[in-house]
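Chemist: All chains, please: the whole structure from these sequences, using the hints.
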Amino acid sequence: MDNKSDPMTLSDFDALLDRYGAHSSDWPTDVRAAAQALLAQSADAGAAFREAEVLERLLALVPAPAPSAALEARIAALTDEKSAHWIWMVVARPVWRPALLAAAMLGGVYLGAAALPTSVAFGDGEFDLTGVAGGGETLGIVESWEE
Amino acid sequence: MAPTVASAALWMDLGEQTPDGCVDDSADQSDDVLVERIADGDQRAWREITRRHLSAIVGYAWHMLRDRAEAEDVAQETMVRLMRKAETWEPGGAKIRTWLYRVAINQCIDRQRARRTTSLEVLAEQTDPQTGGARVARDHALRRAVRGAVDALPERQKQALALVHYQGFSQQEAATALDISVEAVESLLARARRTLKTQLKDLANDLLEEW
Numbered sequence: 001m002d003n004k005s006d007p008m009t010l011s012d013f014d015a016l017l018d019r020y021g022a023h024s025s026d027w028p029t030d031v032r033a034a035a036q037a038l039l040a041q042s043a044d045a046g047a048a049f050r051e052a053e054v055l056e057r058l059l060a061l062v063p064a065p066a067p068s069a070a071l072e073a074r075i076a077a078l079t080d081e082k083s084a085h086w087i088w089m090v091v092a093r094p095v096w097r098p099a100l101l102a103a104a105m106l107g108g109v110y111l112g113a114a115a116l117p118t119s120v121a122f123g124d125g126e127f128d129l130t131g132v133a134g135g136g137e138t139l140g141i142v143e144s145w146e147e
Numbered sequence: 001m002a003p004t005v006a007s008a009a010l011w012m013d014l015g016e017q018t019p020d021g022c023v024d025d026s027a028d029q030s031d032d033v034l035v036e037r038i039a040d041g042d043q044r045a046w047r048e049i050t051r052r053h054l055s056a057i058v059g060y061a062w063h064m065l066r067d068r069a070e071a072e073d074v075a076q077e078t079m080v081r082l083m084r085k086a087e088t089w090e091p092g093g094a095k096i097r098t099w100l101y102r103v104a105i106n107q108c109i110d111r112q113r114a115r116r117t118t119s120l121e122v123l124a125e126q127t128d129p130q131t132g133g134a135r136v137a138r139d140h141a142l143r144r145a146v147r148g149a150v151d152a153l154p155e156r157q158k159q160a161l162a163l164v165h166y167q168g169f170s171q172q173e174a175a176t177a178l179d180i181s182v183e184a185v186e187s188l189l190a191r192a193r194r195t196l197k198t199q200l201k202d203l204a205n206d207l208l209e210e211w
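Residue numbers (this note's numbering), protein chains in the order written: chain A, 1 to 147; chain B, 1 to 211.
Simulated from the structure, these hints should not be mistaken for laboratory data. Keep in mind that this is a model prediction, so the values were computed, not measured. Glycine included, every Cβ here is placed at the ideal spot set by N, Cα and C. There may be inaccurate statements among the hints.
In silico contact screen, one side only, chain A against chain B (beta carbon under 7 Å); selected entries [stated by the list, open to error]:
no.: 1; residue: M8
no.: 2; residue: D18
no.: 3; residue: R19
no.: 4; residue: L55
no.: 5; residue: L58
no.: 6; residue: L59
no.: 7; residue: L61
no.: 8; residue: A64
no.: 9; residue: A66
no.: 10; residue: P67
no.: 11; residue: R74
no.: 12; residue: I75
To spell it out: a stretch of chain B is covered by chain A in this simulated footprint if at least three of its residues, at any positions, have a beta carbon under 8 Å from a beta carbon of chain A; those stretches are [to be verified]:
no.: 13; stretch: 37-51
no.: 14; stretch: 137-150
Modeler: Now the structure itself:
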């Protein structure tokens with residue numbers, strides 16, 4: 001059917017049935033009138049339409065199962081559990097992520113500093129590092145070395 | 001005073017009305033609005049979006065995988081991803097429904113690649129021990145034949161058929177979900193229907209008289 005105002009051929013009608021099925025509401029509006037006109041006058045078009053209808057009904061014989069109660073409970077539990085709430089707040093909301101990263105970095109620095117030795121053996125002497133760890137009393141090292 | 005996000009998650013479960021007397025209207029809201037509320041931890045919005053879409057996603061996955069447990073796994077993972085996506089969701093863009101199906105479609109494809117369903121497994125699942133009477137036996141035979149014909153379709157045709165026929169997608173929506181053109185969807189559907197008509201011709205002829 002080259003022009004929308006041209007009568008629809010049986011071949012056009014078959015092709016449209018294959019594309020859009022037997023529900024006329026799924027068909028493009030601009031071809032419905034021509035299809036109706038053909039259906040009214042062509043027994044072959046009627047047979048093709050009936051065949052398409054039967055196919056729709058055959059397909060409807062295979063309904064999918066509904067979600068199980070267990071699945072619905074699992075989905076609901078995604079928000080019901082406290083732990084899920086934390087996951088929601090942290091994972092689903094990017095605004096928290098920089099804060100978490102900063103906290104993790106600060107924690108790492110603190111643990112690293114706490115694990116530092118307070119003194120280091122060097123030859124017969126020993127460096128006292130508490131001044132270093134304390135943040136500036138470098139004289140402590142020298143004195144310890146002189147002893 | 002407006003409730004905080006944390007308290008919202010608590011009071012949303014207490015009744016139909018919010019603390020400031022507002023009636024919950026989740027059922028009337030668009031998917032976009034619900035997802036915004038989900039990002040703020042709103043459980044009612046989560047339940048509503050689940051009510052709207054979970055069953056259909058299970059249905060789509062079942063039509064593609066023919067395994068209920070796997071279909072439910074796909075649906076659960078799809079919903080988990082929606083929850084994670086909620087905060088960054090941009091309203092007015094893609095439809096939630098289309099996005100959900102894209103996630104489900106990709107999971108089904110991954111699972112189909114990961115397994116090789118043997119015809120024996122399919123037959124075992126299709127066999128139903130409850131065969132009381134000729135009518136019931138005939139219905140089982142019909143379903144088995146239809147499922148066999150649909151399962152034998154090429155994957156892309158089956159996807160298009162599952163979305164448009166079983167999930168009620170428009171061809172435009174199916175095109176978006178499958179990331180192909182509308183014309184390509186129409187072509188897939190046309191080829192699927194032609195094949196099915198040929199495969200099921202004998203059954204259809206028998207049923208034409210009855211229906």
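Chemist: Confirm or reject each hint.
Modeler: These are the hints, each one checked on the structure:
1. M8: Violated, because the Cβ-Cβ distance from M8 of chain A to chain B comes to roughly 16 Å (cut-off 7 Å).
2. D18: 4 Å, holds
3. R19: 5 Å, holds
4. L55: Cβ of L55 of chain A sits 6 Å from chain B, so the hint holds.
5. L58: Check passed: Cβ of L58 of chain A comes within 5 Å of chain B, closer than 7 Å.
6. L59: Holds, about 6 Å.
7. L61: 5 Å, holds
8. A64: 3 Å, holds
9. A66: Status holds, d = 6 Å.
10. P67: Result: holds, 5 Å to nearest chain B Cβ.
11. R74: 6 Å, holds
12. I75: 5 Å, holds
13. 37-51: Per the Cβ count (6), the hint holds.
14. 137-150: holds (count 6)
Checked against the numbered hints given earlier, this structure breaks only hint 1.
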